[in-house]
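Protein chains in written order, with numbering that gives the first Met the number 0: chain A, 0 to 409; chain B, 0 to 909.
Read the hints as simulated data drawn from the structure, not as lab findings.
No experiment lies behind these values; they were computed from the predicted model shown.
Heads up, the beta-carbon is just placed ideally off N, CA and C, and yes, glycines get one too.
Honestly, I wouldn't trust all of these hints.
As the list claims (entries may be wrong) - Pairwise CB distance ranges, derived in the manner of DEER restraints:
#, chain 1, residue 1, chain 2, residue 2, range
1, B, Gly236, A, Val181, 40 to 46 Å
2, A, Pro193, B, Thr239, 33 to 39 Å
3, A, Leu305, B, Glu563, 18 to 24 Å
4, B, Asn853, A, Val181, 54 to 60 Å
5, A, Val181, B, Ser768, 53 to 59 Å
6, A, Thr79, B, Asp719, 28 to 34 Å
7, A, Leu305, B, Asn683, 39 to 45 Å
8, A, Thr79, B, Ala715, 54 to 60 Å
9, B, Gly799, A, Glu155, 28 to 34 Å
10, A, Thr338, B, Pro716, 55 to 61 Å
11, B, Pro482, A, Thr79, 39 to 45 Å
Stated by the list, open to error - Below 20 Å or equal to it, Euclidean Cα-Cα: the simulated SDA-like pairs (lysine to any residue) are:
#, chain 1, residue 1, chain 2, residue 2
12, B, Lys611, A, Val316
13, A, Lys367, B, Pro704
14, A, Lys312, B, Ala715
15, B, Lys252, B, Ala715
16, B, Lys252, B, Pro704
17, B, Lys254, B, Asn274
18, A, Lys367, B, Ala715
Stated by the list, open to error - According to the in silico footprint, chain B covers these stretches of chain A (three or more CB under 8 Å from chain B):
#, segment
19, 252–260
20, 292–298
21, 372–382
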Amino acid sequence: MNRSMQANNNKHKACVFSLVAVLTLSIFSSASVAGPREQAKRIHDRLSGTPPTEAVLNDMATQISGGDAFGAAMKILSPTTAGALESEYRNSARNFYSVTLKNMVTPWTNEAQTVFAPLNDYTATVIGMVRDEVPFNQLLSANILYKGATGVVSAEYSRDNNTHYEQLEDQNIDLSDPGNLVAVTQDAWTGLPPNATAGVMTTRAAARAFFIDGTNRAMFRFTVLNHFCNDLEQIKDNSRAPDRVRQDVSRSPGGDSRIYMNACVACHAGMDPLAQAYAYYEWQYNNDPDTGRLIYTDGSVQPKNLINADTFKYGFVITDDRWDNYWREGPNSLLGWDTGLPASGNGAKSMGRELANSDIFASCQVKKVYRTVCFREPTVSELNATTSSFQAGYNLKRVFAQAAADCRGN
Amino acid sequence: MNAAITIITDNSLRNMWRHVIHCCHESTFILAVLIIPAILSLAGCGGGASNEANPGAGSTTAPTGYFGPPERDPFVAAYKEYVWDNLVASNRCGGCHGTGGQAPTFVRNDDINRAADQALTVTNTTFPEQSILVSKVGGGHNCWLSNNSSCATVMTGYIQDWLNAVGAGVGGRDIVLTAPPDRDISSSRTFPASPFDNPGNSFAETVYPLLVANCSGCHSPIGTAGRQQPYFAYDDGDPTTDNDVISSYEAAKAKMDLSDADISPFDLTTLDQVNSLLAVRVRELHNCWTADCASDAFDMATAIRAFAGVIPSVVVDPTLVTSRALLFSEDCDSLGYCVVASGGNRYENNLIALWEFKEGTGTTVDDVSGVNPPINLELSGNVNWLGGYGLEFNGGKAQDISGASSRLNASINPAVAGGSGRYSIEAWVVPDNVTQEESNIVSYSGNNDTGRNFTLGQTMYNYDYMHLSTTTPDPINDVLSTPDADEVLQATQQHVVTTFDPVNGRRIYVNGALTNAVDPFAGGGLTDWDDTYAFVLGNEVSDDRPWLGKMRLVAIHDEALTHEQILQNFEAGVGEKYFLLFGIGHIPGIPADSYIMFEVSQFDSYSYLFYKPTFINLDPTVVPNGIAIQGMRIGVNGSVPVVGQAYSRLDTVIDGSNYTVAEGQPLSNLGTVIPLERGMQAGNPDEFFLTFEVLGTASQPFIEPTPSAPPLIDPAPVPDIGFRTFEEISASMSALTGVSASNSAVRATYSTYIQQLPSVENIEGFLPSHQMAIAQLALTYCSELVDNNGSIGRDTYFPGFDFNQTAGTAFDTMPERQSVLDPLMQRMLNVDPVNGSLVTQPDEAEMRGLLGANGPQNLLGLVGDTSDDFNSLIDTMTLCLPGCNTTARTREVVKASCAAVLGSAATMVQ
């Protein structure tokens with residue numbers, strides 16, 4: 000390209016940029032009452048992340064006019080219900096699962112909470128569970144894993160790398176297609192005993208992110224952060240018995256025990272007896288953490304749980320993976336624990352079941368969906384109604400449809 | 000340390016069963032022989048103990064020579080070496096208790112054998128610290144150091160050394176457990192049931208308004224500055240509702256100490272005795288609401304005092320199952336409420352200097368090693384005394400200014416006769432942080448430039464050890480550090496020991512374990528040490544290597560301690576420890592003389608450490624059996640703190656099989672910290688007691704208050720629209736152009752700009768940089784479309800438009816221009832031939848005008864005003880005619896028109 004052409008091209012780009020900017024601003028000047036077509040457009044935009052085709056738009060508008068905005072949204076999420084326009088809706092569904100849902104989940108799978116992380120088994124498992132309407136309260140306990148069907152990409156699932164999922168993403172494989180993304184059992188592919196599987200907590204991505212180094216408390220903290228929609232700061236309670244706070248927690252940080260009594264213990268008193276469920280897990284790696292693998296030593300506490308014992312030698316010493324939920328009493332009893340569950344047990348599977356059957360878990364899923372679809376928190380009435388219906392069958396797909404219908408702009 | 004308990008009878012003293020705990024490494028029982036101390040009075044030279052002038056620290060005056068017969072046996076010889084020689088000086092005891100002096104003449108110089116006999120009359124050989132010799136100097140009787148307790152410590156050491164030298168000592172100490180006095184739990188205040196109780200001084204009228212006015216930005220479920228538990232400042236804005244006040248009250252209870260009502264108006268002004276965290280936190284600069292935090296804290300303390308002051312002081316809830324109470328004070332041992340447990344278990348055979356920081360006041364830290372001359376340290380700069388013994392260094396230092404430090408060189412430097420050539424630095428420290436670098440903890444040095452004999456320092460997570468030797472001639476840079484990756488230094492209490500000997504070189508031990516620090520230098524000799532250097536703590540002599548943290552003990556040994564010896568000192572711990580025996584014999588179903596025994600120490604300035612709770616009965620004929628103990632809590636000053644109740648889930652049974660007369664039955668291996676309220680000062684110390692949910696046949700369930708749910712509130716309004724995010728943008732462009740997102744050109748552009756595209760939908764977060772990235776991606780998609788690289792051919796996408804015409808003719812009519820714009824409107828703006836435009840999209844006519852109007856246009860319709868005049872995109876891009884009258888230019892114009900729509904708000908906003 001010669002200099003005159005380069006200059007010409009730059010001028011042409013500049014012209015486009017300025018026009019785009021003008022058009023960007025122009026949208027804000029339009030304010031009108033949204034009819035069925037506008038509502039359909041928004042529902043599609045928010046679920047699929049892409050504009051609808053004219054045929055899809057008109058079809059959805061017709062259904063909305065008939066008073067079934069929820070049904071219109073469900074066609075995007077389950078295109079097999081779309082009848083003659085199934086193939087048109089498949090494109091919409093593809094973008095919902097491969098873009099909207101994926102990007103909602105990806106930040107849950109890494110410590111930096113970045114959305115720019117590659118597709119991984121944690122994200123794929125959530126996508127598959129939503130698509131196949133697997134009860135979402137199994138998210139933290141099920142022996143389930145979603146992976147690409149054999150042959151869809153060249154690299155098969157591996158305990159030692161994420162290549163399989165990166166290929167699925169790089170090759171733009173349609174994750175809404177049950178022929179591409181399939182459900183398998185974790186124990187068949189990860190080597191974990193079936194009773195050591197705990198839904199997404201024992202996926203490779205979660206282990207890489209939260210079982211690496213440290214004391215495995217990160218897995219608990221980020222599970223709470225992502226699935227209770229609260230960090231520990233919001234659910235701390237220093238009135239619980241600190242008898243399970245481990246030896247590695249200083250009771251006098253910097254020589255000031257007030258810090259421990261007012262802050263540290265408020266998290267550790269409840270967290271440590273729950274996080275003990277992870278006592279047998281470890282992310283094993285040599286130099287490159289990304290090439291490590293999750294290991295599980297049944298009956299043998301990982302040494303990481305016993306480090307820094309002299310920080311407070313009168314602290315608790317983990318001897319097994321027994322967990323207890325101290326938060327069933329006190330202020331955090333308001334989190335709505337399932338009274339049908341025993342509040343204690345051994346291992347991550349039963350602990351994950353304890354977490355995922357709480358009211359706070361259910362309402363958090365609803366909140367996350369509303370944030371994704373509506374760009375806002377649900378109203379109190381929306382939260383109560385949608386959470387209640389979600390808990391009836393834990394079908395997260397219907398929560399997406401409900402949220403899209405609730406904020407369609409009517 | 001294994002504690003063995005032996006029972007003896009001593010009717011002559013207290014006429015009660017007593018237990019003796021023998022603190023040593025053997026777990027065998029030892030029958031402690033009580034030497035009933037002679038009740039002798041050491042008449043002071045000045046006739047009294049309390050008002051005598053301190054005869055001065057520093058070195059002893061020249062000892063009086065000995066002129067008598069030789070020692071009759073090793074016992075007397077040891078007495079002379081370890082006691083007589085240290086006390087005979089005229090500025091210690093020799094001035095009065097020498098030959099012909101006042102009885103007892105234990106430092107007479109005419110007959111060492113009689114002197115020893117006299118000494119035995121004022122010595123308790125079983126419990127050296129209970130010797131009259133100790134209690135006298137500890138009471139101020141001619142103490143030669145700056146602090147009486149320092150003299151007591153030194154005197155105890157002399158006696159222990161004497162006894163240990165001849166095997167009469169026990170290497171540890173026997174501790175007598177005696178039944179404490181029966182004491183009822185004192186009265187206290189409890190929170191009113193309602194925040195509206197006591198009108199005029201209710202919570203709602205005193206503390207709550209201050210909280211709402213100044214803390215609701217965070218400590219409220221509707222806080223605007225970030226919601227932060229606990230929500231004690233919640234105000235729903237509706238004065239007719241009470242739930243906000245009630246929930247705030249519940250949340251604030253744990254942050255208020257009702258004993259603050261007893262603080263005098265004067266003391267309130269200093270805030271020193273205020274315990275309520277609501278005020279304490281403000282005093283600590285936690286979000287004060289004016290520029291004067293002390294004033295804000297005073298206002299808060301005043302409000303709490305007003306609230307608490309009208310609450311009547313009542314006895315502890317009578318329905319609770321409680322133990323007897325115990326006062327935990329500095330003098331609790333003499334009052335019978337506790338038994339001192341610590342001391343005597345450290346390895347100190349090669350000790351040459353020791354600082355325990357027990358003084359608590361003043362500007363001098365005494366060397367209590369007993370070695371002369373003492374290396375007493377003067378405080379300067381920002382250094383504070385700590386509760387529970389210790390010094391806090393905030394940039395200041397503690398330095399020897401007497402010159403006595405040269406004694407360290409004399410003991411260690413092998414060039415000096417008797418110098419060992421080996422040494423150890425031992426310290427109990429609490430680093431304030433893990434960020435400070437090149438900070439001196441313990442140093443024997445000149446200044447930072449001229450060098451040092453030795454230094455223990457900190458650099459972030461590492462302990463640094465530097466010293467001058469023949470193989471490390473640069474003690475500034477020849478550093479041995481603990482490995483970075485190990486992060487052995489933590490901002491918590493740690494026991495750190497460095498050792499040196501010529502064979503093994505330098506070593507660093509932390510908490511009894513040898514670290515992975517490997518000395519890269521061979522051992523070397525210490526012959527180049529400089530005896531003019533000064534010993535200093537917390538900084539460099541030249542004040543330019545300050546260390547922030549706390550010290551609770553520092554010792555220097557003229558030997559490289561072995562790992563076993565280091566472990567012994569680590570296990571011995573630091574600080575005074577006590578046994579507290581909470582009487583429970585009055586509870587139904589519990590045998591008389593039964594106690595719950597705790598080991599207790601002041602943990603730091605703000606808490607006590609309770610550990611090793613044990614059920615024990617002081618009557619050895621009793622073997623308790625079948626006693627249930629559940630839900631044990633530690634109470635203080637009439638109430639039960641919510642924090643630190645590590646035994647509240649205790650559920651055990653005392654039975655004969657697990658109970659031994661010697662050791663009782665341990666209830667738990669756990670320890671816990673309990674908040675300090677009043678402290679251990681004599682006269683008004685903290686009073687402790689225990690409560691139980693089940694004890695023996697008594698029971699009282701612990702009822703937790705029912706938490707009130709914070710109200711759910713509708714979210715604040717936010718923009719109804721948002722921006723598509725990065726991958727949605729690419730997917731949308733792909734769907735609208737028919738060009739695959741996997742297209743190589745698209746992927747290249749996308750990969751370049753992915754991080755520059757919006758990552759969140761928030762419309763208010765949209766930036767010009769986002770728009771630039773969107774435009775680049777839009778141009779790429781449209782370019783691939785027009786270049787026929789998409790799934791939809793350009794002639795199909797733009798039916799009726801002739802791409803074979805040059806730019807001069809391709810756009811010279813409006814129908815031609817509309818053939819470009821029509822598909823863009825229909826595909827990208829959902830303009831429907833039947834249903835028209837979407838009302839939520841930009842105005843179709845306006846967009847067509849901006850893109851393809853022929854001739855100058857008027858954007859805002861301003862008549863006679865050219866400020867809103869513009870040319871359409873197609874007009875602008877064909878201004879180059881006739882110079883650009885090519886088909887390539889035609890494609891460029893279509894690409895630009897496509898990109899202008901594709902990258903606009905019409906497609907990017909959702």
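Checked hints:
1. As the Cβ distance of B:Gly236 to A:Val181 is approximately 54 Å, the hint placing it in 40 to 46 Å is violated.
2. Between A:Pro193 and B:Thr239 the C-beta distance comes to about 57 Å, which lies outside the given range of 33 to 39 Å.
3. Judged by the Cβ atoms, the range 18 to 24 Å given for A:Leu305 and B:Glu563 holds: they are separated by roughly 23 Å.
4. A C-beta distance of roughly 57 Å is found between B:Asn853 and A:Val181, which places it inside the suggested range of 54 to 60 Å.
5. Against the hinted window of 53 to 59 Å, the Cβ-Cβ separation of A:Val181 and B:Ser768 comes to about 40 Å, which falls outside the hint.
6. Look at A:Thr79 against B:Asp719: about 31 Å separates their beta carbons, and that is inside 28 to 34 Å.
7. Checked against the hint of 39 to 45 Å, the pair A:Leu305 and B:Asn683 passes, with Cβ atoms roughly 42 Å apart.
8. Separation of A:Thr79 from B:Ala715 is about 39 Å and departs from the stated range, judged on CB atoms against 54 to 60 Å.
9. At about 50 Å, the CB distance of B:Gly799 to A:Glu155 disagrees with the hint of 28 to 34 Å.
10. For A:Thr338 paired with B:Pro716, a C-beta distance near 37 Å fails the hint of 55 to 61 Å.
11. Look at B:Pro482 against A:Thr79: about 60 Å separates their beta carbons, and that is not inside 39 to 45 Å.
12. At most 20 Å may separate the alpha-carbon atoms for a hinted pair to count; B:Lys611 and A:Val316 meet this at roughly 15 Å.
13. For the suggested pair A:Lys367 and B:Pro704, the alpha carbons sit about 32 Å apart, so the restraint of at most 20 Å is broken.
14. Between the alpha carbons of A:Lys312 and B:Ala715 the distance comes to roughly 48 Å, so the proposed pair goes past 20 Å and is violated.
15. Between B:Lys252 and B:Ala715 the alpha-carbon distance is near 30 Å, which puts this suggested pair outside the 20 Å criterion.
16. With a C-alpha separation of about 12 Å, the suggested pairing of B:Lys252 with B:Pro704 holds against the 20 Å cut-off.
17. Proposed proximity of B:Lys254 and B:Asn274 is supported: the alpha carbons are some 9 Å apart, at most 20 Å.
18. For the suggested pair A:Lys367 and B:Ala715, the alpha carbons sit about 16 Å apart, so the restraint of at most 20 Å is met.
19. Counting residues of the segment 252–260 of chain A whose CB lies closer than 8 Å to any CB of chain B gives 8, which reaches the minimum of 3, so the coverage claim holds.
20. Using a Cβ-Cβ cut-off of 8 Å, 0 residues of the segment 292–298 of chain A lie near chain B, which falls short of the minimum of three, so the contact claim is violated.
21. Only when three residues or more bring their CB closer than 8 Å to a CB of chain B does the claim for the segment 372–382 of chain A stand; here the count is 7, and the claim holds.
In summary, the numbered hints that this structure violates are 1, 2, 5, 8, 9, 10, 11, 13, 14, 15 and 20.
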